[in-house]
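Trainee: The primary structure of each chain is shown beneath.
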Amino acid sequence: MRDVVRFRLDGVTHEIRNPDPTVTLLRWLRAGLRRTGAKEGCAEGDCGACTVAVSAPGEPLRAVNACILFLPMLDGAELWTAESLVGDDGALHPIQRALVEQHGSQCGFCTPGFVMSIFAHLESGGGTSRREIDDALAGNLCRCTGYGPIISAAQSLTDYRRYEPERLAPDFEMLAIEYEARGTMRRFHAPRSVAELAALALQYPEAVLLAGATDVGLWVTKQRREIETIISVMNVPELRELSETPAGLEIGAAVRYSEAEGALARFHPDVGELVRRIGGKQVRNCGTIGGNIANGSPIGDMPPALIAAGAVLVLRKGDYERRLPLEDYFLAYGEQDRARGEFVARVIAPRLPPGALFATYKVSKRFDQDISAVCGGFRVLRDGARVSDARLAFGGMAGVPKRAALAEKELIGSAWGEAGVRRAMDALALDFKPLTDQRGSSAYRLDAARNLLWRFFLENEPARAGATRERILDAAPVDV
Amino acid sequence: MPRLSMSETKPDAQQVIGEPLAHDSAAKHATGAAIYIDDIPEPPGCLHLAIGMSRRAHARVTRLDLSRVREAPGVVAVFTARDIPGTNDVGPVIRDDPLFADGVVQYVGQSLFAVAAQNVEDARKAARLADVVYEDLPAALTIAEAKAAQLEIEPPQTMTKGDVAAALAAAPRRLKGRLTMGGQDHFYLEGQVALAIPGEDGDMRVHSSTQNPGEVQHLAAHVLGVPGHAVTIEVRRMGGGFGGKETQPALIAAAAALAAAKTGRPCKLCLDRDDDMMLTGKRHDFEIDYDVGFGDDGVVQGADFTLRSRCGYSTDLSRAINDRAMFHADNAYYLPAARIVSHRHKTHTVSNTAFRGFGGPQGMMGIERALDAIAHALGRDPLDIRTANFYGPAPRNLTPYGQTVDDNILGALIPALEKRANYRERREAVAEYNARSKILKRGVALTPVKFGISFTTTHLNQAGALVHVYTDGSIQLNHGGTEMGQGLMTKVAQVVAAEFALPIEAVKITATATDKVPNTSATAASAGADLNGMAARDAARTIKARLVQFAAGRYGCKEGDVRFDSGRVHAGATSLSFAELARAAYLARVPLSSTGFYATPKIHYDRAAHRGRPFFYFAYGAAVSEVIIDTLTGENRVLRVDLIHDAGRSLNPAIDFGQIEGGFIQGMGWLTTEELVFDDKGALLTHAPSTYKIPACSDRPAVFNMELWDGENAEDTIYRSKAVGEPPLMLAISVFSALTNAVAAAADHKAMPNLDAPATPERILRAVNEVRAVAGMAR
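As given, the protein sequences belong to chains L and S, one line each in that order. If you're matching positions, the first sequence starts at 346 in the numbering used here and goes up one per residue. If you're matching positions, the second sequence starts at 40 in the numbering used here and goes up one per residue.
None of these hints come from the bench; they were simulated from the model.
Calculated pairs, DSS-like style, for lysine-lysine (alpha carbon to alpha carbon, straight line, at most 30 angstroms):
1) S:Lys477 - L:Lys754
2) S:Lys215 - S:Lys186
3) L:Lys778 - L:Lys754
4) S:Lys555 - S:Lys641
5) S:Lys641 - S:Lys583
6) S:Lys547 - S:Lys67
7) S:Lys720 - L:Lys778
8) S:Lys186 - S:Lys720
9) S:Lys458 - S:Lys789
10) S:Lys164 - L:Lys567
11) L:Lys567 - S:Lys720
12) S:Lys164 - S:Lys720
Note that the structure is predicted; figures quoted are calculated from it, not measured.
Just chain L, same shape as in the assembly (with noise of 0.2 angstroms):
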């Protein structure tokens, strides 16, 4: 146990005891270290002006948001800023001269960020094509370039010369950190087992269980909350865990966006794109998908496509474990099924059938790293030419993600063809009434909803070989 937090930066470990659990690195950097390239854009990990990159023992380097992480999730981390990469004497990094010699800064603001985003995309083994790019730098904004100047400097790069792993993670002991903020009532604790970890779920029900802080991050960012006891999981090697075996995938509750993307699209590629347009990189690099089912967030794109696929969600309190369809966790919006000194321990995919019909779409204003105004997920199981098993699941059009019972009845035991698929799209209708907000009408949510399940439909229609597939994405190549 012990009440410091430990992490390098530029070749230097600094060691800080007794942080305030829920200051920013941002924070720290700015007023602390006075290093002050990593910007404010937004203090909700949208803008990626203040990405910095992290990098620890056995994990690629990762772009992260320092606006919404907490200073003491960078334990046994080193750090690097745009700073960091500049010479000894002053030289440019070949990602800044890029910068410089494509003009791909104007007010500058967001260019460190940018720095680093890129960075963190080539040490860790990225391409340069534009799908790559794009993917790699959805996280951060720019308001003056257009991005056109920045692509093409990250595409300059083909000849990148990554850095020595040695320089890239320090090898510090870790152990676990306990510890009460000085003067306050404050606690963070970082278990390093699953046993302590249900331990001190047991002895802190009301604790704030913190995973990668993409969500938890703006409570304090944007709400101003006061968090007084926080357990941090991600040292918790049983729920880092993910297994793809022949019965499905399972994915430990701390399992990153990030890590689980390749088992993710191996499940089925439409899991996969979804994964892809769920945040931007820094995003998916710190938030796990556990931590966006247990806090029953409705910013939630995953749960549709995890509930259309018949995932099971697994809850741990103390010794004792229990499953529960996934769409069973949601009972409404903000309220989901777990017990005081409960957790998310992993959910469960089965792999898909032989045979299974299953899609799943998004729909947001912006393609990527927006929240979806309807998602929608899909399983169709047949027994010959009828509906044996239908599984149709939907985000954005109740305050939880469900499934739209009365259309899977109008599909179950009926012919797969239009007539019924017509009928469960009528059916929507009593199945939702979604909300009108900032993302959408409900009149709009409603009409996407029923055309995705058409979308579906066409995608798998029997009566035509090579059935019709028309997606915007598809039609619209980036590497041209």
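Since the structure of chain L is already known, use the hints to place chain S on it.
Mentor: For chain S alone, kept in the frame of chain L given last:
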């Protein structure tokens, strides 16, 4: 295909004009070394401010109890309207913008008080603790509600040319329609910020992220109740402006200055993103009714436009912005008879303000929609209709406000672009694609831009500069223009370096400050380089003339035989370095410092009659955009853009291309993903990037071809260049027109879409459903 091509650059004899030099701060941007105001080391004892904001759109404040704010941890002081020693106003034109609302609030987010605390978190937390009792008053939140309540910030303005009623009545064909378009948040990455440092004698130095230091100086002085000379405003750079830092920084700077004056301590106010988006003004949303008469050839014979805008609760710059919307209601087209009526509605929402284009984009949208509708009605290619209506030789060169269009290059530019973009072939390819594709539909459109350059408020067209030559030959440059990322400092430094035939490194760029160059206009109206480049050249030439005179006398040659070349000066048989000449001139007691000044010639405007020559010249351009839409969801994407833009003889093509593509993408955002959503109580719901979606990296079209028009400004501007800040934004109207075209394709062009802006997936799907209903097609 190369991302950009440059029509042959023409390096001037001086080697720096026309060169694609990097932005002067580029390396500092990339390394994090560039200092923005929030990066300045805080002086000891610095306090941090936050603004307490109204939660009602229109209400009487019957009780403002700030005791919980005062008692909150870390709080040092709280300021309301009562604490203001001078005038409680930060309005740029009319005194209707209180620093702190006093008794009545007029929008959700309006400033009520400021709290100063030991650190920024404490200040922001405390600002939420006020106990305010409101007594609601009737609120008009939308254009429709303001119209019903007859609320306006000034009487309607009308511009007329000929007898429009007769022309409309006589025209063989006639079309009417309405287009609405939303506002736009500037979303500069650096939020509004000011740091005020008190001095002796009540002096105040304020670092303000502002495009308009002069105005901030005067408004802060009025608030403090001190003369202008007591307040100095300084700004080295902004993290983006786009018009959002033309008038809005006054409130921020005045609040910081007030707190600093009251506490005697440095005070910083740095708005967080949500507060910034709720408190500060945005682009005006507009509603345009058009009524056009035309012949079977598609030539417009008369046009009647009614413009209505949402100005928000105060006047701000809404008069000039709406004037500019009127000036651009014709865009690039000759209107034989025209009437343009402009209603400037007062609403109980944030006071809308300058935003790149300044009303021009909104004005143009009306006629571009009308021309698309005419083409649809006649079954013609919209490009042919546009071409048939361009300004031409006299008499087809007279604008509705009486200025003649004498520098029109669209007659040559449009065919060049049409060819460059393979417009005709691609129209056909799109039609073939649409015939095959059931769900996805494509659209393509070409639209032009003709944008008037000058402040339409004539007296603002002036600028000052200050140039010092030191005895080692190094030069310090200062002028009234501000740097917000547009590369102004680089361009003006190029001008000065060119005058002395020195490398750009010889010229030191310094922060804009009101104690160096006084009474300057905002860096706005695209005119930064036009005005400040000329003023700096004037200063440089004054010094240069003295040096020439000195050298001729000292080295015994004619003044005409003194030459500046590549860092050296040749005077008859003598050749010496510039530094040696500077040293020699100093020893001979020749003054090596000078101010410079410029006032744009030829312009005049009678606002009462809406007649005159408001613009020194016009900047032109055109773009072809191709888009694709999903008729099941309304999702859309811009696939390809080709454009040619006129920057005259470019001072710096790299910087100009940056303005062109950056402006285009910003305009595309305005017309597609950027949606300001207010609730029915007037509160902005989209006040952060999680909900307000500016274009992201992948939204940049995969194919984006740009070209600079090869030509020079017909007017005598700085090296015959043209202003480039705003005009390219309006090239993005081609995206909106292409989206309209794609929606029409969803119903086989049997109905003209009523697509409004921004063309979000929701609006596109609605428009698709409508055209299909009109065409009698099943959904």
